[in-house]
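Q: Sequence:
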Amino acid sequence: MPQKILHLIGSNSVGGPEKQILHHAVDLQDSPFEVEVGSFHDLAEKPEILVEAERRGHSTVCLSGGLKAGLITELAGILRARPGVILCTHGFKANVLGYLATRRTKTPHVAFVRGWTAETWRVRLYEMLERQALARAQWVVCVSHKQAVEVGRRRKGSRAPMVVCNAMLPPFSRAGGVAVSREKLGIPAGAFVYGSVGRLSAEKGHRYMLEAFYRVCERTAEGDKPFLIVVGDGREQAPLEAQAASLGLRERIHFAGYQGNCSDWMKLMDCMVQPSLTEGTPNSVLEALCLQLPVVATAVGGVPDLIVHNRNGLLVPPADAKQLGEAMQTVAASPSLREKLRSGGAMTAEEYSPLTQRRKLLEVYERVLRAEGVVARDGAFREA
Numbered sequence: 408m409p410q411k412i413l414h415l416i417g418s419n420s421v422g423g424p425e426k427q428i429l430h431h432a433v434d435l436q437d438s439p440f441e442v443e444v445g446s447f448h449d450l451a452e453k454p455e456i457l458v459e460a461e462r463r464g465h466s467t468v469c470l471s472g473g474l475k476a477g478l479i480t481e482l483a484g485i486l487r488a489r490p491g492v493i494l495c496t497h498g499f500k501a502n503v504l505g506y507l508a509t510r511r512t513k514t515p516h517v518a519f520v521r522g523w524t525a526e527t528w529r530v531r532l533y534e535m536l537e538r539q540a541l542a543r544a545q546w547v548v549c550v551s552h553k554q555a556v557e558v559g560r561r562r563k564g565s566r567a568p569m570v571v572c573n574a575m576l577p578p579f580s581r582a583g584g585v586a587v588s589r590e591k592l593g594i595p596a597g598a599f600v601y602g603s604v605g606r607l608s609a610e611k612g613h614r615y616m617l618e619a620f621y622r623v624c625e626r627t628a629e630g631d632k633p634f635l636i637v638v639g640d641g642r643e644q645a646p647l648e649a650q651a652a653s654l655g656l657r658e659r660i661h662f663a664g665y666q667g668n669c670s671d672w673m674k675l676m677d678c679m680v681q682p683s684l685t686e687g688t689p690n691s692v693l694e695a696l697c698l699q700l701p702v703v704a705t706a707v708g709g710v711p712d713l714i715v716h717n718r719n720g721l722l723v724p725p726a727d728a729k730q731l732g733e734a735m736q737t738v739a740a741s742p743s744l745r746e747k748l749r750s751g752g753a754m755t756a757e758e759y760s761p762l763t764q765r766r767k768l769l770e771v772y773e774r775v776l777r778a779e780g781v782v783a784r785d786g787a788f789r790e791a
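Numbering (our numbering), first residue to last: 408 to 791.
Worth flagging that the hints you see were computed from the coordinates, not collected in a lab. Accuracy of the hints is not assured; some may be wrong.
[Stated by the list, open to error] Derived SDA-like pairs (lysine to any residue); straight-line CA-CA distance at most 20 Å:
| # | residue 1 | residue 2 |
| --- | --- | --- |
| 1 | K767 | Q545 |
| 2 | K411 | E441 |
| 3 | K453 | T467 |
| 4 | K553 | S565 |
| 5 | K632 | G593 |
| 6 | K632 | E618 |
| 7 | K591 | P633 |
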């Protein structure tokens with residue numbers, strides 16, 4: 408009998424963390440472990456991650472939606488029906504509920520930390536509860552070293568956080584997606600195209616990217632002005648569209664909304680821009696490197712672990728539209744630099760390969776089964 412692993416995440420779409428879980432579930436099909444995927448019925452439709460998991464042949468679990476005390480009992484019942492299962496949780500909702508439910512069932516629990524957004528007062532409250540749960544959870548896995556140091560400070564006397572970085576995976580592409588081209592978007596064939604992919608929320612820093620793009624356009628001759636494609640949706644979309652209009656850039660910025668066929672959109676880009684104010688290990692940067700797409704990113708969270716300045720991308724300080732714009736213009740102005748960054752992206756592939764992630768996650772499961780773990784000191788963490 409394979410060892411059961413239940414990965415639980417609150418999810419309304421297939422974004423970065425969901426892609427990692429789905430890949431991991433497929434990747435372990437030839438191993439002694441079997442992954443089951445769980446989520447919450449927060450919308451009218453079934454969670455997309457469960458639909459995709461079932462399409463790939465994995466069993467799934469769908470818990471009730473919302474936030475209520477009964478969810479703890481519901482999850483505890485699911486765990487009791489799976490004796491010996493290891494519960495892996497992702498995000499504030501699953502991490503808090505997982506911590507509380509496994510206290511009742513004594514189920515082994517691994518809480519995965521993928522970053523915090525603090526985008527609304529409600530989310531800030533949930534994330535505060537998550538931090539308290541992470542301080543007491545049995546095992547914790549972080550996706551970046553900086554994140555592990557922060558979490559480790561809260562876990563004195565408990566097992567140190569383990570670090571398992573996200574894998575470099577090709578962009579997720581759903582069958583039946585609408586074909587996209589520069590011609591359909593009204594972008595001339597020879598134009599330089601910047602792009603970003605990800606949730607449109609305040610901590611992603613898109614407002615600084617728009618200001619930086621405006622600076623680039625102001626310094627570029629009329630016939631050579633670039634374009635910008637913004638892939639993703641979220642609560643900041645309307646403010647960002649209003650900002651683009653106020654800067655006189657609506658004809659040069661295409662807000663694509665959420666797209667299931669990200670690969671097709673990224674292939675339209677000449678440079679990926681990641682303007683985040685906070686991050687773990689961003690999947691969009693990993694995907695860009697996988698496609699050998701030059702990257703300009705802010706030096707936050709796990710990004711400096713991933714991007715070596717002037718080797719596989721350019722790094723700038725967060726919330727600095729001036730320096731971001733200068734880096735964007737530098738990439739556009741130098742074909743030789745773009746080629747150098749593309750080559751550097753290919754060199755990064757081994758360190759963040761799916762095989763490396765698989766090995767580290769299997770080590771996490773083995774440690775849990777053996778109940779091993781190093782006690783955390785101030786800021787301590789360990790590689791998986």
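Q: With reference to the structure, classify each hint as holding or not holding.
A: Evaluation of the provided hints:
Between the alpha carbons of K767 and Q545 the distance comes to roughly 18 Å, so the proposed pair stays at or under 20 Å and holds. Between K411 and E441 the CA atoms are separated by roughly 5 Å; this keeps the pair inside 20 Å, and the hint holds. A threshold of 20 Å between alpha carbons decides the hint, and for K453 with T467 the separation of about 11 Å falls inside it, so the pair holds. Of the supplied pair hints, the one linking K553 and S565 holds, its CA atoms being roughly 18 Å apart against a limit of 20 Å.
For the proposed pair K632 and G593, the alpha carbon gap of about 14 Å is at most 20 Å, so the pair holds. Restraint check: the Cα-Cα separation between K632 and E618 comes to about 15 Å, which is no more than 20 Å; the hinted pair holds. Restraint check for K591 and P633: satisfied, since their Cα atoms lie roughly 16 Å apart, inside the 20 Å limit.
Violation of the numbered hints given earlier is absent; every hint is satisfied by the structure.
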